[in-house]
Amino acid sequence: RNAARVSVLVVLMICLLLNLSDVCILPMREGRVHVQGQHELWYRMVRPDMLHSKKAPLVVLHGGPQVPSDYLFDLQEIPQRAVIFFDQLGCGRSDAPQGGEASY
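All the letters of the sequence shown, read from the start, carry residue numbers 190 to 293 under my numbering.
Take every hint as true, because none was put in to throw you off.
EDC-like cross-link-like pairs, simulated, lysine to aspartate or glutamate; straight-line CA separation at most 20 Å: (1) Lys-243 / Glu-266; (2) Lys-244 / Asp-263; (3) Lys-244 / Glu-266.
If you are wondering where the hints come from, they were derived from the structure by calculation, not from laboratory data.
Please work from the sequences and hints to get the whole structure.
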């Protein structure tokens, strides 16, 4: 267990020293939020610990329809700020309401 922790710390230190941000592991949280009663939106928060900092979080809105937020994930590299991604209903990892349901 301790060896695994040391390995993770070594990798993170190398990333920081060499500025290899595309390889580094960023703190993040993913989940789903209930909307319109029975549907769920997928979200990802990068640096959730920064949500209450002086810098406002960046909320990323992807294009659509049917285009998930994946192509915008490079924005998570913006430093010292929480970044929040989500997929609109009917896109990516979020629920897709049936065609007969109310407009979404």
